Each structure stands twice: as C-alpha cells, then as structure tokens.
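Residues 1 to 155 (this note's numbering) make up the sequence shown, in order.
None of these hints come from the bench; they were simulated from the model. Here the structure is a predicted model, which means the values were calculated and not measured. Keep in mind that the hints are not guaranteed to be accurate.
Said to hold, decoys possible - Here are the computed lysine to any residue pairs in the SDA-like style, where the Cα-Cα straight-line distance is at most 20 Å:
no., residue 1, residue 2
1, 96, 62
2, 96, 146
3, 147, 122
4, 100, 111
5, 140, 112
6, 147, 135
7, 97, 151
8, 130, 104
9, 95, 62
10, 130, 99
11, 96, 133
12, 95, 146
13, 83, 93
14, 140, 104
15, 130, 148
16, 83, 100
17, 130, 62
18, 95, 144
19, 100, 62
20, 97, 107
21, 95, 71
22, 140, 152
23, 97, 136
24, 100, 146
25, 95, 78
26, 140, 115
27, 83, 62
28, 140, 90
29, 96, 153
30, 147, 130
31, 97, 62
32, 95, 135
33, 83, 151
34, 83, 94
35, 147, 104
36, 97, 139
37, 95, 139
38, 100, 139
39, 100, 143
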Amino acid sequence: MAKVLLKFPIAILAILLANGAMHALAKCRYTSDYNDFDGDGDSDGGDLTCLYPWSKDGNDLPAEPRTSFYSDLNSCLRVLSNKCSRQNYNYIFHKKKISKDCCRKLVEMGRECNESLIWTLSNTRAYTDKSDTIRERSYKAFERCEKAVNRDRGW
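Build the full structure now, drawing on both the sequences and the hints.
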C-alpha cells in the first residue's frame with residue numbers, strides 16, 4: 001500500500017491511508033497559507049499535502065475532473081482541522097468514532113465538498129481497490145454527523 005494519498009485535514013474526511021499515512025501528516029510542509037483557524041495548533045489550511053493525509057506529495061492524485069477542482073476542494077477542507085481529517089480517516093478505514101466537534105466541521109464543510117473528497121480518495125491509485133468501502137463509510141459518516149448536528153441544534 002502507498003504511504004499516504006492526497007493533501008488534506010475529513011473529510012472527511014480524510015481521509016488518510018495505508019502504512020505510514022498518519023506519519024506523513026507530521027512530516028508535511030506548510031506553505032505561507034498556514035492558518036490555524038480553530039486555535040488547536042494545527043494547520044487548517046495551507047499546503048495540500050498537509051490537507052490530504054493519504055497523499056505523500058500530491059503526485060498520486062487522480063487527474064482533476066474539472067478545472068480548479070483541487071483548488072475548490074482545498075477551500076472546502078480548510079473548514080476541517082488535521083485532527084478531524086485523521087478522525088474521518090480512522091472512521092472510514094478502522095471503524096473508529098468521530099467526535100461531535102469533528103462532526104460539526106464535516107457538516108459545515110458540506111455535502112458537495114464531502115462528495116468531492118470521496119471521489120478524490122476513491123480514485124487515488126492506492127485506494128481504488130477500497131473505493132466501495134470509502135464511499136459507503138464516508139456517506140455513512142456524513143449522514144450520522146448531519147443527524148447528530150441537527151439533533152444538537154434542536155431540529
């Protein structure tokens with residue numbers, strides 16, 4: 001398996017895979033776009049490699065399905081922290097839990113962004129054999145988080 005796939009914080013999720021994927025997050029380089037929007041000490045934006053824990057350098061990403069797809073996805077993922085990306089990855093691949101805070105961030109990121117993230121991860125070379133699991137668990141995570149967030153809002 002590949003060490004790490006895209007450039008992200010999950011996503012959703014994400015996503016965030018294979019041997020050494022979590023270590024790649026610690027080794028990612030930050031650009032001048034480094035932003036700690038939620039004050040937790042990690043980057044909530046910046047270098048795409050830091051945003052997609054499953055991608056070592058972005059070279060293993062699928063071709064953009066449309067112009068500016070990854071730029072738009074990067075904007076979506078700025079809503080998530082690296083911590084929440086790791087939680088989403090662990091939910092998808094290791095059936096771990098997602099915290100309420102990370103659920104809120106996933107829902108805030110939005111369904112369209114989540115679907116873009118799912119597409120990217122599912123079409124990344126190292127994960128194409130897991131695309132069904134990625135889709136199923138990612139949609140399930142979003143639905144559960146959306147219900148939990150709406151319940152907390154009293155909806």
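Hints and how they fare:
Of the supplied pair hints, the one linking residue 96 and residue 62 is violated, its CA atoms being roughly 27 Å apart against a limit of 20 Å. Of the pairs offered as hints, the one joining residue 96 and residue 146 holds, with about 17 Å between alpha carbons and a cut-off of 20 Å not exceeded. Among the hinted pairs, residue 147 with residue 122 is inconsistent with the structure: their alpha-carbon atoms are about 24 Å apart, more than 20 Å. Our distance criterion of 20 Å between C-alpha atoms is met by residue 100 and residue 111, whose separation comes to about 17 Å.
A threshold of 20 Å between alpha carbons decides the hint, and for residue 140 with residue 112 the separation of about 15 Å falls inside it, so the pair holds. Of the pairs offered as hints, the one joining residue 147 and residue 135 holds, with about 18 Å between alpha carbons and a cut-off of 20 Å not exceeded. For the hint pairing residue 97 with residue 151, the CA-to-CA distance comes to about 18 Å; that is within 20 Å, so the pair holds. A hinted pair counts as satisfied when its Cα atoms are at most 20 Å apart, and residue 130 with residue 104 does not qualify at roughly 26 Å.
Between residue 95 and residue 62 the alpha-carbon distance is near 25 Å, which puts this suggested pair outside the 20 Å criterion. In summary, the hint linking residue 130 to residue 99 is not supported, as the alpha carbons are separated by about 24 Å, beyond the 20 Å threshold. Our distance criterion of 20 Å between C-alpha atoms is met by residue 96 and residue 133, whose separation comes to about 14 Å. Distance check on the hinted pair: residue 95 and residue 146 sit about 18 Å apart at the alpha-carbon level, within 20 Å; holds.
With a C-alpha separation of about 15 Å, the suggested pair residue 83 and residue 93 falls inside the 20 Å cut-off, and the hint holds. For the hint pairing residue 140 with residue 104, the CA-to-CA distance comes to about 15 Å; that is within 20 Å, so the pair holds. Taken as a hint, the residue 130 and residue 148 pair is broken in the structure, with Cα atoms around 27 Å apart against an allowance of 20 Å. At roughly 12 Å between alpha-carbon atoms, residue 83 and residue 100 fall within 20 Å of each other, so this suggested pair holds.
Distance check on the hinted pair: residue 130 and residue 62 sit about 15 Å apart at the alpha-carbon level, within 20 Å; holds. Under the criterion of a C-alpha separation no larger than 20 Å, the hint pairing residue 95 with residue 144 is consistent with the structure, at around 13 Å. A hinted pair counts as satisfied when its Cα atoms are at most 20 Å apart, and residue 100 with residue 62 does not qualify at roughly 31 Å. Under the criterion of a C-alpha separation no larger than 20 Å, the hint pairing residue 97 with residue 107 is consistent with the structure, at around 15 Å.
Using a Cα cut-off of 20 Å, the hinted pair residue 95 and residue 71 is violated, with the two alpha carbons roughly 29 Å apart. Of the supplied pair hints, the one linking residue 140 and residue 152 holds, its CA atoms being roughly 18 Å apart against a limit of 20 Å. Simply put, residue 97 and residue 136 have alpha-carbon atoms about 15 Å apart, close enough for the 20 Å limit, and the pair holds. Between residue 100 and residue 146 the alpha-carbon distance is near 10 Å, which keeps this suggested pair within the 20 Å criterion.
Simply put, residue 95 and residue 78 have alpha-carbon atoms about 24 Å apart, too far for the 20 Å limit, and the pair is violated. Pair hint residue 140 plus residue 115 holds up; C-alpha atoms about 12 Å apart against a cutoff of 20 Å. Between residue 83 and residue 62, the direct Cα distance comes to roughly 24 Å. Violation of the 20 Å bound is thereby established for this hinted pair. Among the hinted pairs, residue 140 with residue 90 is consistent with the structure: their alpha-carbon atoms are about 13 Å apart, no more than 20 Å.
Under the criterion of a C-alpha separation no larger than 20 Å, the hint pairing residue 96 with residue 153 is inconsistent with the structure, at around 24 Å. For the suggested pair residue 147 and residue 130, the alpha carbons sit about 26 Å apart, so the restraint of at most 20 Å is broken. A C-alpha spacing of about 28 Å is found between residue 97 and residue 62, which places the hinted pair above 20 Å, so the restraint is violated. For the suggested pair residue 95 and residue 135, the alpha carbons sit about 14 Å apart, so the restraint of at most 20 Å is met.
Among the hinted pairs, residue 83 with residue 151 is inconsistent with the structure: their alpha-carbon atoms are about 23 Å apart, more than 20 Å. Taking the CA atoms of residue 83 and residue 94, the gap is about 15 Å. The hint holds against a cut of 20 Å. Straight-line distance between C-alpha atoms of residue 147 and residue 104 comes to about 10 Å, which keeps the hinted pair within the 20 Å bound. With a CA separation close to 14 Å, the supplied pair residue 97 and residue 139 stays within the 20 Å bound.
With a C-alpha separation of about 13 Å, the suggested pairing of residue 95 with residue 139 holds against the 20 Å cut-off. Note on residue 100 and residue 139: the hinted pairing holds, with a Cα-Cα distance of about 17 Å set against a maximum of 20 Å. Proximity of residue 100 to residue 143 is assessed by CA-CA distance (about 13 Å); at most 20 Å being required, the pair is judged to hold.
The structure fails to meet hints 1, 3, 8, 9, 10, 15, 19, 21, 25, 27, 29, 30, 31, 33 from the earlier list, while all remaining hints are met.
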